[in-house]
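*Asks:* With these hints in hand, go ahead and build the complete structure from the sequences.
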Amino acid sequence: MSEMIIRPRKGWINIDWAELYRYRELLFFLTWRDILVRYKQTVLGVAWSVLQPVFMMVIFTVIFGRLAKIDSEGLPYAVYVYAGLLPWTFFSNAVSLSGLSLVNQQALLTKIYFPRLFVPTSIVGAGLVDLAISFLVYGVILAVYGIVPSAGIMWLPLLVVLTVLATLGFGYTLAALTVSYRDFRFLVPFMMQAMMYISPVVYPVTLVPERYHWLLALNPMTGIIGAFRSAVLGTPWNPTTLIVSTLVTLVLFVFGLFFFRRTERRFADIA
Amino acid sequence: MNQGILVVNGLGKSYRLGLREQQANTFRDLLASWARAPLQRLRRLGEHDIAAEDAFWALKDVSFSVQPGEVVGIIGRNGAGKSTLLKILSRITEPTEGEVRLRGRVSSLLEVGTGFHPELTGRENIFLNGSILGMSRVEIRSKFDQIVAFSEIEKFLDTPVKRYSSGMYVRLAFAVAAHLEPEILIVDEVLAVGDIEFQKKCLGKMGEVAREGRTVIIVSHNMSAIQALCERAILLRTGRVVEDGRTPEVVRSYLKFLEKGASSAFVDNPERKSSGSVMLTGANMLDDQGFPISHPVSGQPLIFQFDYLNKNGTKQIDVVMTLFNHLGTAVSNFSTRVHGVRLSIDDSGSFYCAIPKLPLPMGDYRLAVALQVNGQNIDLIPNVLVFSVTVGDFFSTGLMPDIQYSTALIEHKWETTKEHIVASVTDGSL
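So the sequences go chain by chain: W and R.
Under the numbering used here, the first residue of the first sequence carries the number 736, and numbering increases by one thereafter.
Under the numbering used here, the first residue of the second sequence carries the number 134, and numbering increases by one thereafter.
It is worth saying that the hints were derived from the structure and are not from the lab.
C-beta atoms are modelled at their ideal positions from N, C-alpha and C, and glycine is treated no differently.
Any given hint could be a false lead.
Straight-line Cα separation of at most 27 Å, BS3-like style, residue types lysine-lysine; simulated pairs [what the hints assert, rightly or not]:
| # | chain 1 | residue 1 | chain 2 | residue 2 |
| --- | --- | --- | --- | --- |
| 1 | R | 295 | W | 775 |
| 2 | R | 389 | R | 193 |
| 3 | W | 745 | R | 444 |
| 4 | R | 288 | R | 334 |
| 5 | R | 406 | R | 444 |
| 6 | R | 276 | R | 193 |
| 7 | R | 288 | R | 276 |
| 8 | R | 288 | W | 775 |
| 9 | R | 276 | R | 295 |
Take a look, some chain R residues computed to stay more than 10 Å from chain W by CB distance [unchecked claim]:
| # | residue |
| --- | --- |
| 10 | 250 |
| 11 | 338 |
| 12 | 360 |
| 13 | 399 |
| 14 | 403 |
| 15 | 463 |
| 16 | 519 |
| 17 | 545 |
| 18 | 556 |
Stretch-level coverage of chain R by chain W, calculated; a stretch enters the list once three of its residues show a Cβ under 8 Å from a Cβ in chain W [unchecked claim]:
| # | stretch |
| --- | --- |
| 19 | 221-228 |
| 20 | 241-247 |
| 21 | 251-259 |
*Replies:* The following block contains the structure:
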């Protein structure tokens, strides 16, 4: 017979992969709930996930493309900026929502046990649906501009995985911090706005002198956004930023996981 | 070593006193306290090593073991540690010391409808809630029809639950929970919801679960439910087990303890919830001459007197009282609202409530009272009076019915002709 022991634990706690696997259906249901709930009682429904990046694309194209005339490596600015908005919108929405997820699910946390990691994870999972829809829209935009994606597009799935890891890393850390310190409620939206401007969403990273690239790449989205463009549009790859950002992402993901686990046992007491 | 299906050994849980005040609640406080005492701060963040003097033990040295198939009731006053114990057993919070060994699949129901989402439909919520409670998709699908039938909400299956009445909501939520098949079931106070008919159905279902040989741990304030369901009860007081044994004996000593507690109903009463604006300062029982009495008599008039102190110039209050019998069952509710009145109050004074003919059989009772302004409780004392009713001549015959089968005494009359009985009802001679 299976025996479970409940006893106090100290310090850093291991990830219980077996348990996560046992509860895998719950992750599915929580993700499914987050998708269902997101657009209930909205008039436009899922169209919002399309409209948001498209609006941004139009605004940025007018301001940065037409007025500021920012370089877009020889491509139409709209196409160029949308390739950056794809991972960015996913990242910033999912990080903001998963940061708040534990606080929003407080009622659940104090009433029943399940792997707490699923709360922010399900948010990120639900965001993937929006990302997929945005990709379809991008396909249409590319077709309109008559641009054929480069062969590098085969790397896209890997890049999406990398984006998800970066998002989870931020999401886990911020979710755990927000439970203890509600300041992060206010800090995160501001942080996301600031991060967008230090990420090469509206400009190419080549706008910055090359010797600072590694510094910019400490922001994981720098490498990821650049790589998205190289994969889809065939702009030159930037190995420095991609490698640095990948390493930072992995470190951040592992840190997020363990930091979350470490704080997790206090959630119900302080939530 | 003990062979129980659930073995609790030396379990303790402490909270830091003033946790909310002392702990940095905002990031700024955290930074500030880091700046002040970096080393101390780091040490404290590292572990919660709680110094003995500023720790509050919600639970301490709790040990017991439950055999497979046992149904155990956990009783005790508010703050005795019942909820903390349940939360540890359900893995919601971690103990500070000691351990629990569980040999079997555990399900805990600390609330009905955990994880229900108001925007989702009944159907969607059955799947979501079932999954949160630990059922697999296949299991939910196979029990879906039973759950729907049990909940009696077939017609509203595709309506968002936010449009449900509270009764429907609870029925659906309980229906899902009732179809769990754990080896160990941990239940909190959930029986205290829903309409009476449905409560009975749930109690029946619970009893069924117990008879199937499942192990059940129930926390409840409802002594009738505990007595009906559990053969064994554990009494907690200030975080410790004070009695563990057969239910009737444990319930009796709990009630005896409650009585003792009533003498201090107004001072340092942990059960009291007071806003401090209008406060009760005393309560007495009077006879029909206005003289204080300690033991009211069945069939005699009884007057409750309450003294108050009004600190913020409140003009009018509503009063609600509930009378409980020795089993913790609510016998009757008294309210100014049903009379369409509000009591006008001064800075201090008394108000009264009279019962013309006390319809209670001999026994022990507890009175709970709440003062309200705009429907909000401003002073709530669940044990304002604890008293024994003495035998009296309620029916003016010198005889009493079997009190074993009576919760209340009800005036009645017997006749063999319809005309006579109808006449006695209409002319008021009854």
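*Asks:* Cut-off 8 Å, C-beta pairs, minimum 3 residues; does the coverage of the stretch 241-247 of chain R by chain W stand?
*Replies:* holds (count 4)
*Asks:* Check the hint pairing residue 389 of chain R with residue 193 of chain R against an upper bound of 27 Å on the C-alpha distance.
*Replies:* 23 Å, holds
*Asks:* The output says residue 519 of chain R does not contact chain W. Does that hold with a beta carbon cutoff of 10 Å?
*Replies:* 32 Å, holds
*Asks:* Check the non-interface label on residue 403 of chain R: least C-beta distance to chain W beyond 10 Å or not.
*Replies:* 20 Å, holds
*Asks:* For residue 276 of chain R and residue 193 of chain R, compute the direct alpha-carbon distance and say whether it is at most 27 Å.
*Replies:* Measuring from Cα to Cα gives roughly 41 Å; hence the hint is violated.
*Asks:* Within 27 Å, alpha carbon to alpha carbon, are residue 406 of chain R and residue 444 of chain R?
*Replies:* 16 Å, holds
*Asks:* Taken at face value, is the distance from the CA of residue 276 of chain R to the CA of residue 288 of chain R at most 27 Å?
*Replies:* Holds - the C-alpha atoms of residue 276 of chain R and residue 288 of chain R are around 18 Å apart, at most 27 Å.
*Asks:* Just double-check residue 250 of chain R for me: nearest Cβ-Cβ distance to chain W has to come out over 10 Å.
*Replies:* 6 Å, violated
*Asks:* Verify this label for me: residue 360 of chain R is non-interface relative to chain W, using a Cβ-Cβ cutoff of 10 Å.
*Replies:* Consistent with the label, residue 360 of chain R stays out of reach of chain W, its closest Cβ about 27 Å off (over 10 Å).
*Asks:* CA of residue 288 of chain R to CA of residue 334 of chain R, is that 27 Å or under?
*Replies:* 20 Å, holds
*Asks:* Is the nearest Cβ of chain W still more than 10 Å from the Cβ of residue 338 of chain R?
*Replies:* 20 Å, holds
*Asks:* Looking at residue 463 of chain R again, its CB stays over 10 Å from all of chain W?
*Replies:* Answer for residue 463 of chain R: holds, closest chain W Cβ roughly 26 Å.
Of the numbered hints listed earlier, those contradicted by the structure are 3, 6 and 10.
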